[in-house]
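Please arrange chain U on chain A, whose structure you already have, making use of the hints.
Heads up: the sequence lines are chains A and U, in that order. So the first sequence is numbered by UniProt numbering: it starts at 1 and just counts up by one. So the second sequence is numbered by UniProt numbering: it starts at 1 and just counts up by one.
Think of the hints as simulated: they come from the structure by calculation, not from any bench. Mixed in with the good hints there might be a few duds.
Note: identical chains are not told apart, hence a pair may lie in one copy or across any two.
[What the hints assert, rightly or not] Derived EDC-like pairs (lysine to aspartate or glutamate); straight-line CA-CA distance at most 16 Å:
no.	residue 1	residue 2
1	K94	E67
2	K3	E20
3	K85	E23
4	K3	E189
5	K94	E53
6	K3	D69
Since the structure is predicted, the reported quantities are computational estimates derived from the model, not experimental observations.
2 protein chains.
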Amino acid sequence: MLKVYGCYKSRATRVLWLAEELELAFDHVPVLQAVKLDNPLAPDAPLNTHSPEFLAINPFGAIPVIEDDGLVLSESLAITLYLAKQYGGEIGPKDLEEDAQMMQWSLFAATEIEQNALKISRIANDDRLDSEAGQSEAAAAARLLKRPLSVLEKHFAAHDYAVGDRFTVADINIAEIVRYAQAYQPLMEANPSLSAWLTRCQSRPAFQAMWERRSAE
Amino acid sequence: MLKVYGCYKSRATRVLWLAEELELAFDHVPVLQAVKLDNPLAPDAPLNTHSPEFLAINPFGAIPVIEDDGLVLSESLAITLYLAKQYGGEIGPKDLEEDAQMMQWSLFAATEIEQNALKISRIANDDRLDSEAGQSEAAAAARLLKRPLSVLEKHFAAHDYAVGDRFTVADINIAEIVRYAQAYQPLMEANPSLSAWLTRCQSRPAFQAMWERRSAE
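Next up, chain A with everything else stripped away, as it sits in the complex (with noise of 0.2 Å):
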């Protein structure tokens, strides 16, 4: 059976999304990220990221990471995109214009957005954006996903969804993405049909779902 390899609070979101898309079963291995563990290394740490039999599995280090059949897998937007494919029906591509256009979105969003976006989900969930100091990080980062964030609103005022009109792995990707931005309303209010996508994406059963499952965790 499939194994899935990664704590919700993690990039395995993505996976874990679509997963509840394609009820798809699997075994889910909540593997902790090292940098949250004070001694991540300490012979009673729970399996995380630098334990060594997870390495083993996992040359990369890195969370979420898939088995599947022999295949192990790193790299959560790899991961999607395979599961997609490989599972996904309507949900992966119908051929292989969509497929180039879901890996040239997965790949924007991951070298054009993320990182600044991240900067965003960090002041927020340290409860910084309120501060003076937080703020104006948070700005300094907004400022710089303005232009790609503005390639999705002109994108999404013309599309509902990124790639052949339809939900797809794509969208999740992607949102899951802008998601560590979301937090801060000036980039929100700033692009509409960004914002209204996202909204659309997260009102999915299985984006509830999953989103349920890791405020549990």
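Relative to the frame of chain A, chain U by itself:
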């Protein structure tokens, strides 16, 4: 006919190398990077990533981009993966598992290596690698590359190529990103298997042909 937009001194090298490997016929439109021009919007400025006529083709405002039978595709790594699947035979994936691994390595290189490798490339291009400040900046970038390059080192100590025991588009995607850090000798010496693989890739006639055209640009 396939159109490739982007000058040689850009991420277009990835696509242009692959095109040489596959002996693909294409129209080459040498769009420049706006950041390299003093006034990209001047009426007599050469075609560049800020030119309105280029943005009309590619709203991402980035190079490379391709047009192939109606498909307009951005993101260099998505372009090479697409071309390899559409036209590549053995250079592309032979099944969904290899396809997944090629995406995995491409995303890994783009998100874990590219940014710090580019820092080294810029220092080297500015002839600052021998200056004290340049050395110290390069050493800082190299420290951040240590972990991801060790993942590659471990892989290439056991495998001649990234995926499927043969040269594929995954090698092009990784090699063109690792190349940015190649001028920093200590990194290459610390990772001999990675370094040997890079030499193996760059010894290919197709890389040499691409490099010659790039040098002449």
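Practice item. State the violated hints by number, sorted upward, taking the hints as numbered earlier in the document. Key: 1, 4 and 5
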